[in-house]
Structure formats: C-alpha cells, structure tokens
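A.B. asks: One letter stands for each residue in the lines below.
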Amino acid sequence: MSDKPKTAASQGLASCHLCLKLVSVDVHVCPRCGSAIHLRKSNSLERTLAFLVTASILYIPANLLPIMITDQLGQPTESTIIGGVVLLIDMGSMPIAAVIFFASVMIPVSKLAMMYYLCWSVRHGPPETARQRTVFYRITEFIGKWSMIDVFVVAILVALVNLNNLLVIRPGTATVAFAGVVIASILAAESFDPRLMWDQQEDNNE
Amino acid sequence: MDQTDVGKVSRLAERLACHSCDLVFDISVLDDGESASCTRCGEFLTRYRADELERVIAYSSAALILLGLACSYPFMSFKSSGLESTMTLPQTALNLWHYGLPGEALLVGAFIVLIPGLVMLLMLMLAIALVLEKHYRWLRPVGRLLFTLQSWCMVDVYFVGVLVSLVKIGHMATVIMGLSFWAYAVFSLLFVLAISVLDRVQCWHRIEVLSRP
Ligand SMILES: [Zn+2]
Ligand SMILES: [Zn+2]
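First to last, the protein sequences are chains A and B.
Sequential numbering from 0 applies to the first sequence in numbering that gives the first Met the number 0.
Sequential numbering from 0 applies to the second sequence in numbering that gives the first Met the number 0.
Isolated chain A, as found in the complex (with noise of 0.2 Å):
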C-alpha cells in the first residue's frame, strides 16, 4: 500500500496556487514564487456564494435591460438578448439564433446552476461522485468566459455600424449588467476549491 499515492494534505504538504510548488502546511509564503500559502483556498465556499448571488442579480437585469438600440432613420428600436434570438429566428437564421441563445442563455443559467450545485455537493454530495463533479468544475471553469461573448457583439456592432442618419447602433444599459455577470461567475469558478468535494471523500477513508 505505501506506493499508493496520497494527498498532500494527508502527508501535511501545501500547494502554492500560482506555481503548484508542494511545501509544508506550516509555510506561508511560496519560496519559489512569493505568493501566499493556504492548504485549500480561504473561505472558499463563501467566496463562491457571494458571487454567484451577484452574478444571479444581475442577470435579471442583464435579461430585463436593452442589449442595444438601433437607431434607423431616427426610429429608435430597443431589443432585448431573447427579442435577438426572437428575431434570428423570425429571420430565418436558426443555427444563429442556436448559438446565441446557447451562449447567452444556456451557458450562463446552467454554469449559475452548476456552481450553485457544486457549492451544496461540498457538505452533502455522495463522495463516489467526486470525479464526475470534478469534470463538471471544470467545464464550468472553461466555458465561464464565453458568456462574454455578447457583450463583444454588441461592442463590435456599435463600433462598425455608425451612419449618421441612416443607421446607427447604440449600447444598452444590459451590457453592463452581462459583464457583471460573466465576471461575478469567473470569480465564483476561481474561488471554489475542487478539493474540498475529494476532501470529504478522504475522510470517509480515515
């Protein structure tokens, strides 16, 4: 049994979180790199919480809100991320009226739900499913960004569709909300720490 490999915690070993340096648990400040020392990220879970509470506030908003106004012939048009996938698919384009909502939508309410789950999996989750919720951790943590992905859209819109009277493309105010969001649920998959779910998992072994 002694070649099986052990957690680090187990054997009172640390790892640096920028430079994955193994020290022991009662060092500090990483030797190699400079940055603080913690066994699991501090106050992880009520980290976690907090911004995936901010993140769940400002998607109403982030919904509510106009995405962005088009100004044709000095009739403003409010739309909204849903009326965009509306009229996607009224015109025809269903493959993008798919992957916008995918990204607006989908993403963004399943990687919510999915911390939100992880978050309660900690304390209450079957320990044999560890594995499985570590490959859900990190889909969430690679698709977080991708949210941001309207925000762009429209930035790019404003920036390229610009003739004076005839047609001009205004930010909405939800754009600032949807940056909230995909910035609140980056630092909700950055403060959760994946070990805690092995952790639980380890003290059953004991």
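I should point out that these hints are in silico values taken from the structure, not numbers from a laboratory.
A hint or two may mislead.
[Unchecked claim] Just a few of them, taken from the derived set where beta-carbon distance is under 8 Å, the chain B residues facing chain A:
id, residue
1, S19
2, S27
3, D30
4, M75
5, L82
6, L105
7, V208
8, L209
[As the list claims (entries may be wrong)] Covered stretches of chain A (chain B as the covering partner; in silico rule of three or more C-beta atoms under 8 Å from a C-beta of chain B):
id, region
9, 9 to 17
10, 48 to 62
11, 185 to 194
[As the list claims (entries may be wrong)] Which chain A residues stay away from chain B? Per the calculated CB distances, all over 10 Å, these:
id, residue
12, A112
13, S120
14, A129
Every residue gets a Cβ at the ideal spot worked out from N, C-alpha and C, and that includes glycine.
Chain A is already provided as a structure; the job is to place chain B with the ligands on it using the hints.
C.D. replies: Relative to the frame of chain A, chain B with the ligands by itself:
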C-alpha cells in the same frame, strides 16, 4: 533539485499535488513531449517540451507584432446605401466610452487588447531571460503577474464575437474585412498557442533554478 537535461529528458526532482484533488505525483522523469495527468481525477498536471521556451519566444514575439498591426489598420468597413463606416480594433472599446459606458469600455479594451498584449510581452521577457539563463530580480513578480492575468484574456472569445456580428449584419449591408481583421485572426491563433505551450510547473521550476545563489 537539479535539472540536468540528459538528452531530451527532464529531471525535476519534484513532486506535484493535483490542483483538483490534491493527490501527490512524482513528475521527476518526463520525456520530451510527454505529459503527466492525475490518475484519480484526470486533471492535466504538466508537460515537458525540450523546445518550450524557443516556441514561446517565437509565438509571443509574432503575436505582439500582429497585435500592433491589428491596432493600427482598419478592422472592418460597413457599406449601405452609398454610406460607409469603418471601425478599428481600439474603437470596439472607445465607442462604448463615447456612449457613456466608460467602465465597460475599459473592461472590453482590457480583455481583448491590453491584458493579452501585456501577457504576451511578459511571456516574451520571461522566456528570453530563461533561455539566456540570466537571473533578474523581476523574474518572480513577472511570473506571478503573467499566470494571474492569464484567466482574464478573451482573445478567442472576441474573435468568435466578430464572426457572430458578421452573420448578424451580413444581410443588412456589405461588410469588408480590413488588414486588422486578418492580423487579429492570426494574433488570436498565436496567443492560444503561446498560452498552451508555456507550462506553469516547468516555467517556475526554471525560475527557481535560476534564483538559486
Ligand atoms: Zn508559488
Ligand atoms: Zn486529481
């Protein structure tokens, strides 16, 4: 802790804890191109490449040149009913500022140009110092900044955003791609390559070896 490159084998007398599940692995012997992953959760741990630094220097210096080009030429033009409007890459952010969203303008500018450009520059500095095997006092802070900023680069996301915008307005008018568009396309490719080639563990190990008196 000696790193002696006997042929093309890395020997870091080092152990590494998986950052997803905390299991400790011995990564002391890795062949050129060989990578190590966690056996319990599948997390990628590290990869050794004998030519890692040379590749980083090539990708990041080319990326910086292309980013410079992308910022100084027209990105796209939009033509309709005899009227034309042209945008540049920095205008993606600057126009948001003009419409009264300065915070968002800063975020967009930071995610697509400023932070990615800084990351490429820091990577280039670090890789050159490590290739020359010269120790500088700034190695550690530069390394820390580099690996912290990496998660705030959205070069690839922006490029896909450009493609989505094209489809959204392609039917309304003629859109012409400028030199900057192609420069940014190649920049995003080089950026992704540079990020994926520079291995965090190998890089810090090299810094550690150099910092030793
Ligand atoms: Zn460190
Ligand atoms: Zn693992």
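A.B. asks: Confirm or reject each hint.
C.D. replies: For each hint, the structure was consulted:
Hint status for B:S19: holds, given a least beta-carbon distance of 5 Å to chain A, under 8 Å. Given hint, B:S27 at the interface with chain A, is violated; its Cβ is 13 Å from that chain's nearest Cβ, farther than 8 Å. With a least beta-carbon distance of about 20 Å to chain A, the hint placing B:D30 at the interface is violated under the 8 Å criterion. Hint status for B:M75: holds, given a least beta-carbon distance of 6 Å to chain A, under 8 Å.
The restraint placing B:L82 at the interface with chain A holds, with a minimum CB-CB distance near 4 Å, inside the 8 Å limit. Interface hint at B:L105: violated, since its Cβ lies 10 Å from the closest Cβ of chain A, which is beyond the 8 Å cut-off. Interface hint status for B:V208: violated, as the beta-carbon distance to the closest one in chain A is roughly 10 Å, over 8 Å. Against a cut-off of 8 Å between C-beta atoms, the interface hint on B:L209 is violated, since the closest Cβ of chain A lies about 11 Å away.
Counting residues of the region 9 to 17 of chain A whose CB falls under 8 Å from any CB of chain B gives 5; the rule of at least 3 is met. Against chain B, the region 48 to 62 of chain A contributes 0 residues with a C-beta closer than 8 Å to a partner C-beta. That does not satisfy the three-residue criterion, and the hint is violated. Only residues whose beta carbon comes within less than 8 Å of a beta carbon in chain B count, and the region 185 to 194 of chain A has 4; three or more means the coverage holds. Here A:A112 stays apart from chain B, with its beta-carbon at least about 21 Å from theirs, past the 10 Å limit.
At roughly 14 Å from the closest C-beta of chain B, the C-beta of A:S120 stays outside 10 Å, upholding its exclusion from the interface. With a least beta-carbon separation of about 7 Å from chain B, A:A129 fails to lie farther than 10 Å from that chain, contradicting its non-interface assignment.
Violation of the numbered hints given earlier is confined to hints 2, 3, 6, 7, 8, 10 and 14; the remaining hints are satisfied by the structure.
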